[in-house]
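Novice: Hints given; two lone chains; assemble the complex.
Here the protein sequences line up with chains A and B, keeping their order.
Here the numbering used here is used: the first residue of the first sequence is 1, the next is one more, and so on.
Here the numbering used here is used: the first residue of the second sequence is 1, the next is one more, and so on.
Accuracy of the hints is not assured; some may be wrong.
Claimed, not checked - Partial pick of chain A residues on the chain B-facing surface, computed with a CB cut under 10 Å:
#1 40
#2 42
#3 58
#4 77
#5 81
#6 83
#7 84
#8 91
#9 96
#10 97
#11 205
To be verified - Beyond 10 Å from chain B on every Cβ pair, some chain A residues (computed):
#12 6
#13 31
#14 41
#15 184
#16 187
#17 195
#18 204
#19 221
#20 236
#21 253
Keep in mind that the hints were calculated from the coordinates and are not lab data.
Built from N, CA and C at the ideal position, the CB exists for glycine as well.
Here's the letter readout for the chains.
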Amino acid sequence: MKTTTLLEVSKVNIHYGTNCVLEDIDFIAPAHTITAIIGPSGCGKSTLLRSFNRTNELITKTRRTGDILLEGREINDYDPLDLRARVGMIFQKPAVLPTTIYENVAVGPRLYGTRKKSELDEIVEESLTGASLWKELKDRLHKRAEQLSGGQKQRLAIARTLALKPEIILFDEATASLDPISTQKIEDLMHRLKETTTIIIATHNMKQAARASDNTLFLMAEEGEPSRVVEFGPTELIFTNPKVEKTELYITGRFG
Amino acid sequence: MTSVMRKIVDRMMFALFIFIAAVVTAFLVYFIFYIVSRGYTAFSWTFLSTAPHGIKMEGGVLPMIVSSVYLTLLTLLIAVPLGVGGGIYLAEYAGKGRIVESIRFAIDLLSSVPSIVFGLFGLVLFVQVMGLKYSMLAGALTLTLMVLPIILKISEESFRAVPDAYREASLALGATKEQTIFRVVLPTAIAGILTGAILAAGRAFGETAAVLYTAGMAPLAPVSPLEGGRTLSVHLYLLATTGHLEEAYRVAVVLLVIILLFNLASNWIMNRYRRKFVSEAI
Ligand SMILES: Nc1ncnc2c1ncn2[C@@H]1O[C@H](COP(=O)(O)OP(=O)(O)OP(=O)(O)O)[C@@H](O)[C@H]1O
Ligand SMILES: [Mg+2]
Numbered sequence: 001m002k003t004t005t006l007l008e009v010s011k012v013n014i015h016y017g018t019n020c021v022l023e024d025i026d027f028i029a030p031a032h033t034i035t036a037i038i039g040p041s042g043c044g045k046s047t048l049l050r051s052f053n054r055t056n057e058l059i060t061k062t063r064r065t066g067d068i069l070l071e072g073r074e075i076n077d078y079d080p081l082d083l084r085a086r087v088g089m090i091f092q093k094p095a096v097l098p099t100t101i102y103e104n105v106a107v108g109p110r111l112y113g114t115r116k117k118s119e120l121d122e123i124v125e126e127s128l129t130g131a132s133l134w135k136e137l138k139d140r141l142h143k144r145a146e147q148l149s150g151g152q153k154q155r156l157a158i159a160r161t162l163a164l165k166p167e168i169i170l171f172d173e174a175t176a177s178l179d180p181i182s183t184q185k186i187e188d189l190m191h192r193l194k195e196t197t198t199i200i201i202a203t204h205n206m207k208q209a210a211r212a213s214d215n216t217l218f219l220m221a222e223e224g225e226p227s228r229v230v231e232f233g234p235t236e237l238i239f240t241n242p243k244v245e246k247t248e249l250y251i252t253g254r255f256g
Numbered sequence: 001m002t003s004v005m006r007k008i009v010d011r012m013m014f015a016l017f018i019f020i021a022a023v024v025t026a027f028l029v030y031f032i033f034y035i036v037s038r039g040y041t042a043f044s045w046t047f048l049s050t051a052p053h054g055i056k057m058e059g060g061v062l063p064m065i066v067s068s069v070y071l072t073l074l075t076l077l078i079a080v081p082l083g084v085g086g087g088i089y090l091a092e093y094a095g096k097g098r099i100v101e102s103i104r105f106a107i108d109l110l111s112s113v114p115s116i117v118f119g120l121f122g123l124v125l126f127v128q129v130m131g132l133k134y135s136m137l138a139g140a141l142t143l144t145l146m147v148l149p150i151i152l153k154i155s156e157e158s159f160r161a162v163p164d165a166y167r168e169a170s171l172a173l174g175a176t177k178e179q180t181i182f183r184v185v186l187p188t189a190i191a192g193i194l195t196g197a198i199l200a201a202g203r204a205f206g207e208t209a210a211v212l213y214t215a216g217m218a219p220l221a222p223v224s225p226l227e228g229g230r231t232l233s234v235h236l237y238l239l240a241t242t243g244h245l246e247e248a249y250r251v252a253v254v255l256l257v258i259i260l261l262f263n264l265a266s267n268w269i270m271n272r273y274r275r276k277f278v279s280e281a282i
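So here's chain B without its partners, still in its complex pose (with noise of 0.2 Å):
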């Protein structure tokens, strides 16, 4: 190929490129318009700090935000040490053996189970056998095993990519295998491990069909975990299911509004303790 022609391809790649790029953007923004247009109006305080009433669910979602939140919160309080113990042995601690492969190959499966399955396997182990009920907690030990893989693969990956000359020297200082673990490549890995938190967090919060059936559809914010209650995207589907479009518009505006502060809040933790945690922990 010419040195023409190979400028001609790379500019029509870059053209190509470009193209692709502004499509996307373009779909994103409309479809964020569309919705924002016909739910703006939950841009209002009453919206937001009262409780759905009468037949046709007006009012507020703040029961839905506050069961939103706490599921969340409480999925995370469990996902994360178990997916991060789970990450540390796999990298620091497994070997190589078939004992170890079959625990990848269960992770991964685990990972592309449909939602909807752990609902049901939440249902009856956790709802039924159990004896949870519709509770916070049944809901959160379902999305637990949908987010463990999520976390469990993440923080493994940035055990994984902790320089192993950052072990070599803690252990040649002296330190113990779980000093070095605990003091160095925690702190070292702890972008990535957040960054799996995160990512699991959105998943949890936004999840319908694992919650339906195991934190129940109560409209009501629950106080302890053993209480049922309704997420904001149960609610807006059986807003959505009973016809009720104009309020379920209202209430994606609000989950839009929510995931995005989430992400905001994520960014900035990530590049506060990127800095600072490490050099505290150790």
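Okay, chain A solo, but in the shape it has when bound (with noise of 0.2 Å):
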């Protein structure tokens, strides 16, 4: 497995309005791992996944500094139509379009300009494939998609996303509303996915956390100040031995 960065985060502030949520965030993500960002609500774990696929921008007044390289360039010299293809994102409560299974898989596709039928159903039949649903779902094809379970509509999102073949995939929150077994067959599956792809994930669940990374990211901020990393490492070592006090009563529940 390579060790190169994919994603280098450094010095980034980001404000809503003039409200400062994020400062001085400095972290690496490297290709093939998962890194897990961790942190309090309202800490600014999505705003900080939003700002890697340039979404944030598009949600409201919203103003960022410091450096993202994807790859070891600015993300904002990516287009950023192509940093989204690039940088994939799955949310926590998994969107489902309202039409069916193929067509929520080919939605991507389709809008970077593939037209072509054999083309689309190559891609279809790969994404599920990537996201562990083309056996189960391989005959309801032309079905609603609102029909499935929660974890096979999570799946499905993911098919959209690798539809693109994505670098990066952002989860965000991504199991919060699902079941236990649902939840470890995503988890499953972020593991494979790790071959193709790079992971960030923003979680509430220590366990899954504890579990799935490679690398924990651990913000909060003190009273009335902007978050802040307070620590950055990799997975076991947060867990088992950190190095700041806080990020040992976080993550064992005893305050955030």
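Specialist: Here it is in structure tokens:
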């Protein structure tokens, strides 16, 4: 496995209007690893994730300073649409579009101009296979996607992202609304996806962070201040031997 | 309250609701029965397929059916794009500022203006000032003003009902805001938009006061939008006010049946579109 740095975040500050929510964020995500971002509610996990595919700027007035480098190149220098194809995102609420399973996967490639049915068929099969859904769903491709279970919907959202062959996939509390078995399936899937992509997850579930990730980034704010990095390092170390007392208190659930 | 008491109250409320429902239904059945019993002779091919003639307006209502359908479709053609466009603006682009609030206020105000006021306004603006004369176009523009708030409100609501998760997912795939609106939000909201359009069509079809002095009263089937015509409801009004009650009931039956067909068609379309439209549009 290569260990090149895929995403490098340095000295990043993010403001909403005049309100600074994240300050001086530094960390790296090596290729083919899973990084977990943990921290109390409202500390800016989602904000940080959304800044990686530049969807934050679509939502509200927001300003980001510092560098976010994807393969060594500042993400603001990418075409935003190209960037969003390279950096996929999965949300807490499985976003299944009110259409067929097939179209849910094909929507991305279609946006980027793929029209040929044979090509789309191939992408759909590949992506569903990649999301461990092909076997379950191959006979129901043209059925409505709303009928799927929560876990299947979330894997369908992953398939939709995979259809664009992303280099990074961001998971924003992607298992928070799922049962333990579905959660397990998604975690297994993340593990397999490491072969082809790099993953960053935001999670409230400490066990998940401990189980699934290679590195952990712990964010937290002092009262009335923007959030900062409290600790960043290999997950094993953070969970067994944290350097900062706050980290230990947070992951053992004693505050935050 | 004891649980026995609660059960009794429960039962009584249930009985009360059943009673109210029965009264309303009985009233409706009586109403329809009464009209149909007096106008059932409308169910004749000659009545539906010939023009009226003579001083007593004997004969049929074909030109009126044509005028009504013409006017309704023309109204929808103008009002739906405007209303849906406005709905998109209000739901997807407009913030919360003063201006938007005053737009909303104006829309609410517009929807509570009596239709005769629209009729007079249309008479002055479209018929006289713009020189459209009594015409389908003048009538349709007047009706557009009248039904715009319905379409606008309902489409705004249906856009707002589209979960943000869809927008987020679409934007995260790299779709632009416009692509997101046209490929994800609009198809998802289509059932609501159709509902709005059908409600609007129902109002336009049955409207009398707003079209009397804009689309005119000429008992001829219009061909071009610049020709006038007499809608079924205007015809009904004229017959009733000139004492031709038998004829009036027959026209009322035709109106009722067409409106029934409207509703059946709309249900059918909505069921179909909800299923198909989205998958093909995306
Ligand atoms: N669109 C927005 N406009 C203004 N402020 C925002 C916006 N979105 C988030 N914030 C603020 O930014 C801070 C971080 O929010 P964010 O949603 O990123 O936190 P989070 O760590 O993901 O929280 P949670 O764990 O509850 O999902 C919060 O104080 C929030 O109020
Ligand atoms: Mg969040």
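Novice: Can you give the numbers of the hints that this structure goes against, from lowest to highest?
Specialist: Checked against the structure, the hints that fail are numbers 1, 2, 4 and 11, while the rest are satisfied.
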